[in-house]
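Chemist: Using the sequences and the hints, build the whole thing.
Protein chains in written order, with the numbering used here: chain V, -3 to 694; chain B, -3 to 694.
Honestly, I wouldn't trust all of these hints.
Calculated lysine-lysine pairs in the DSSO-like style (CA-CA distance at most 30 Å, straight line) [said to hold, decoys possible]:
id	chain 1	residue 1	chain 2	residue 2
1	B	Lys22	B	Lys(-2)
2	B	Lys636	V	Lys586
3	V	Lys381	B	Lys381
4	B	Lys22	V	Lys381
These are calculated hints, taken from the structure and not from any lab test.
This one's a predicted model, so the numbers in the text were calculated from it and none came from an experiment.
There are 2 protein chains.
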Amino acid sequence: MKPNRIAVIGASPRMNRATRVIANPKHVGYAGLVFPSNPKYAEILDLPCYPDLGSTPEPADLVVVAIPAEQVPGVLAGAVENGARAAVVLSSGFAEAGSVGEARQAALERLAAERGLRICGPNCYGIFDIRLGLATFSADMTEVRPGPVAVVSQSGGFSQAIADHLMQQRSVGLSYIISCGNQAGVTIEDYVEFLVDDEDTAVIGVYAEGFRQPDKLRHVAARARERCMPIVVLKVGRSENARQATLAHTGTLAGTPEIIDAVLRQSGIVQVTSLNEMLDTLTLLAAARRYRRGWRVTVLSGLGGECGRAADAADRVGIELPSLSASSVATLRSFMPDFANPRNPLDGTGAMYENAEIFPRMIDTVLRDESTDVLAINMRANVPKPGGWAPSRGYARAIADAVRAGTDRLVVCFTSFAGADLDQEVVGPLAEAGVPYLESTETAMLALRHAREHRRFLERPVPAAVLGSPRGTHVAAPDRHPLDNTEAMRLLGEFGIRLAETVVARGADEAVEAAHRLGYPVVLKIDSRDIAHKTEVGGVRVGCGGATAVREAADEIVAAVRRLAPRARIEGLLVQRMIADGTEMIVGIKSDPLFGPAVVCGFGGIFVEVLRDVAVRMPPLDAATAHEMIAELRGSALLKGARGRPPADVAALADTLVRLAALAEAHRDRLGALDLNPLLVLEEGRGAVAVDWLVELA
Amino acid sequence: MKPNRIAVIGASPRMNRATRVIANPKHVGYAGLVFPSNPKYAEILDLPCYPDLGSTPEPADLVVVAIPAEQVPGVLAGAVENGARAAVVLSSGFAEAGSVGEARQAALERLAAERGLRICGPNCYGIFDIRLGLATFSADMTEVRPGPVAVVSQSGGFSQAIADHLMQQRSVGLSYIISCGNQAGVTIEDYVEFLVDDEDTAVIGVYAEGFRQPDKLRHVAARARERCMPIVVLKVGRSENARQATLAHTGTLAGTPEIIDAVLRQSGIVQVTSLNEMLDTLTLLAAARRYRRGWRVTVLSGLGGECGRAADAADRVGIELPSLSASSVATLRSFMPDFANPRNPLDGTGAMYENAEIFPRMIDTVLRDESTDVLAINMRANVPKPGGWAPSRGYARAIADAVRAGTDRLVVCFTSFAGADLDQEVVGPLAEAGVPYLESTETAMLALRHAREHRRFLERPVPAAVLGSPRGTHVAAPDRHPLDNTEAMRLLGEFGIRLAETVVARGADEAVEAAHRLGYPVVLKIDSRDIAHKTEVGGVRVGCGGATAVREAADEIVAAVRRLAPRARIEGLLVQRMIADGTEMIVGIKSDPLFGPAVVCGFGGIFVEVLRDVAVRMPPLDAATAHEMIAELRGSALLKGARGRPPADVAALADTLVRLAALAEAHRDRLGALDLNPLLVLEEGRGAVAVDWLVELA
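Modeler: Laid out in structure tokens, this is it:
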């Protein structure tokens, strides 16, 4: 990451993508050497230009290329011969561009794997090391501000937009800006791994279309946890259209959204859904490094109308706005006008603008309020008209003074909506005092929630055995097939998953015999590995109360299945003791091609089918995480005994999930889907029993 | 609204709230006369200052007051004597400030009611008529832009912030800015009524803490529908804290959120939840006055990373991004670089910046694409650095040219996130060509959805009998009580609501007799108007299959109720024929103190209790609206026959809702709550039957 001699191939005197890589280091005072290389020119931006890599005065250790894609693999191979150890490929036309491009990208990947060339890109803007002034970065960046935030983005445009906005508008400094495009060589996970141990970096923001190294992602997240460093990710690709778009943009497979959500969440990675939320979250996390344990927020505003809005926005995302203590209210009444009505959110009223003493006293009171952990001050900070009224400058000074005088409360400022230039005479002094300035009530509240949840994640004990050794990329075996019933029961039994007592019968006689042994009433089911949904083909009869009923059911089931699924191989009949009570759950395992298997859990029946109410986690699971999964289901109240039912055996359900996770771990590369549908969760103390199952294995 | 002589009471040479009202008309060139009035000064801002209202050269027809609240009622009474017909009360200290303030506000309300004084405020910024330059408005507004958007806001600060942002950043012009504070005299509804018929206004944006005249609101919304004029409302007060905050801010009762949602929705009023969404929606609606019927959106971006994000954002809010037609793709391929991958969202790629001919041809192609109704172009438009690169200026010209050349497609532009000043050399030419500039992908997609839904609302036939004559404010009778069973059955029967056949029995003998008549099995229930939830006190026995079972159940029910609800008066027992099937719904009526009764509908059991999945509409209802209510429930698939059930009689359920609405209309002022819980919706063709009910009436 720290080259001393950079060759830039494809620059021209006209400002193009490569020329910007020559201009930026000059602007920011890079100490190393930059060699433009282009046979057409003798000089570019006052630097001598060389016809090829071999003719530079010293061999370049990093080359930046912005030439037609088809020429890139050859030029890079030459660069390696010439001693280059790293390359930034700005050119487009690789994996995002159909099969020809894919072949080119494969050539780059071979150079990386076989020749050890570290490639950033292709189809990217490159890397800007702000402190070093090392700007192998193809965007117009003349003013930079060093600081603790690193931005990693597949998209070059977003890397620049995010960085620019943080530095110019929010007075937030950056350590690195990295745009890695198609990730042919170095991946997002590699850059994050570097940044997590970088001394200048305290917060990492990532714009990702897809990950390439899931195990490394989890490992660097674990390292970030040790260093208490937040990683904020905006992951694109939730919709099918977006997944197609990421393929077209950076040739990236976006992955299964629910499984990626689970990975990020379990890794303590903060996930945001909009760029405004990203900007506010990074701004807050870059500043908010000391705080109390609690997160009760008191809002102060000079706009009465904001008070109701802030309360609604806080309520929507689950931020607690406590009542001010009685003594704080009394203090506020003592110096605020009669018509003021001190509460939280606290309305400074027009008096705040007319009497300069009121605002500092309000802050002082809230910063001493015993029920307040966070003071969130709403004030406009747009650039005033020339000579216009700018009361927020005075407020910013008062806030900075109060923070400098010492407080253990987190103090943040925010506008009611995002838009228009921020007054740096407001934002600047606040930033110097460590007070972040956020834009829009909604994203400010989300940012506070993210900071709170990240802090809570750090406070929780590290789950046992969360990390095995890196296992490389999961490659799903292509030839998975459903196990037959005996194999499936053996595998589930091996992991201690409790199944309804089931006997395999070859025909009606054996079924009656089995039913006698199990005790009536019984359930009869078709036994066929070719049938995933038995009820749909008439393959299930419940409540068979005696021998006659079993015989009848056996005949009818076989007849129905022959009629409705004529090609299915019928292995026989399954006879189960009937379980009449319990809450129906669907639990199982779902696999992502890259991330591998995840454990899923939802309520049976309408909840899964109609509401898609499902919790997902990556194995391994501990009991606490399994309980967290269950609690997060919208219907979880049902298990606690809603509607007059007895409380269900949630511990047994959690235990089943932990066992499923162990099974998923053990058969990671062979496993396809696995369903226990339904798993009946019985009354507290009576356990949980799977009554039907389906296992796909290679 | 059009005064010629304005007196301003309470101004001083130091810029205070009243002085601004003197400064603004001067800045914007108001043609009428302004008389500062303050006994302490001889001149303010170069205008002669008068000691009192009696000494102005001509009597003022409008007075603006910014004096301590306690003096306001007296001064206004004097103003009325002096000929004033209207007043703007900037002062705070009224209904928002406890009981003393409430008395002052009551005095203003009497002046309005008895002396015909039209009062704006108190606790407001006043009114700015932009075209007339009539700025009785207490905020620093030196530059204004006339145009079609009217802003009405209880909060003065927000009225200014919204107006400023629209005019300065978005190049959107305004007709009126109205801040009406506590609404002691003229209400939001009154202002909207005026604006709906104002020739200069085409879109109305409202920031409301609470409404005062619900019937007028519905009537002005109906008038707006006739004029195809959208009204966009940001309503505060969803959370309990926010409801307290609105009381403290403008002394406003926020009302029941679900019922207000229903009123706004049925009136075709667009509801937004954030100011950024408000700004984008107003900007879009102010421009988007011609379009095709469809709303299929094609997104074009010069930022590849935006394509996936835009697809996700569109998917989240239900905006359709169709595939480009094959011929459009072929055309795009003909002039775009090899590595481009034309699809929707369409990535212009780096080539768009390097070859100026590509962008206009892309627009041209999409504007001819047969599956595209709306072209949404993503591009940054922040003010460039001095001498910096500003490609969007060229794109803006190309877009304006293309629109001027004629297209029936709606064209909009948007940024990826909101923040920083917009380049008026981009936004200005776009605005002149009728192309709105929106900030942030997420709010742009929401704005498009709002525009679509508003247009669809206008296209739907006006529901029959939606409007009766105005009925004034609903005043709920305070002495509502539960009806006894016979009265309740009579009332429900009168409106044709089908009830399970039910016989009232005085004791076990009568119950057995009734059961014989009804046919077994029967359900026995306690009959007591003091018991709202019969099951909770052991007051229900289902499935009584014969005389003995009925006798036992009767004894046990009475014993259980005596034990668990010892104070309840027991009127007897209810015997019902048992209905074993059907989908359990809860339907009924809920009342808001101001808006009156609303019809509610949800699934019984866990859906209502756990998920709070309820649809709400105001009466009267037509069948189409009742069907819309049902369709909007998350569980509605259950009624269509999910999970192997037969389809339910949705028409009968809808009919029950229409009948409940008629009942609610007829007993509007007497009705409290009404519950049919459960209403069993039987198989298609078999109807819907209420099996338990509770009616509260005055």
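Chemist: Give a verdict on every hint.
Modeler: Hint check results:
no., hint, result
1, B:Lys22 to B:Lys(-2), "holds, 17 Å"
2, B:Lys636 to V:Lys586, "holds, 29 Å"
3, V:Lys381 to B:Lys381, "holds, 19 Å"
4, B:Lys22 to V:Lys381, "holds, 17 Å"
Hint compliance for this structure: every hint is met.
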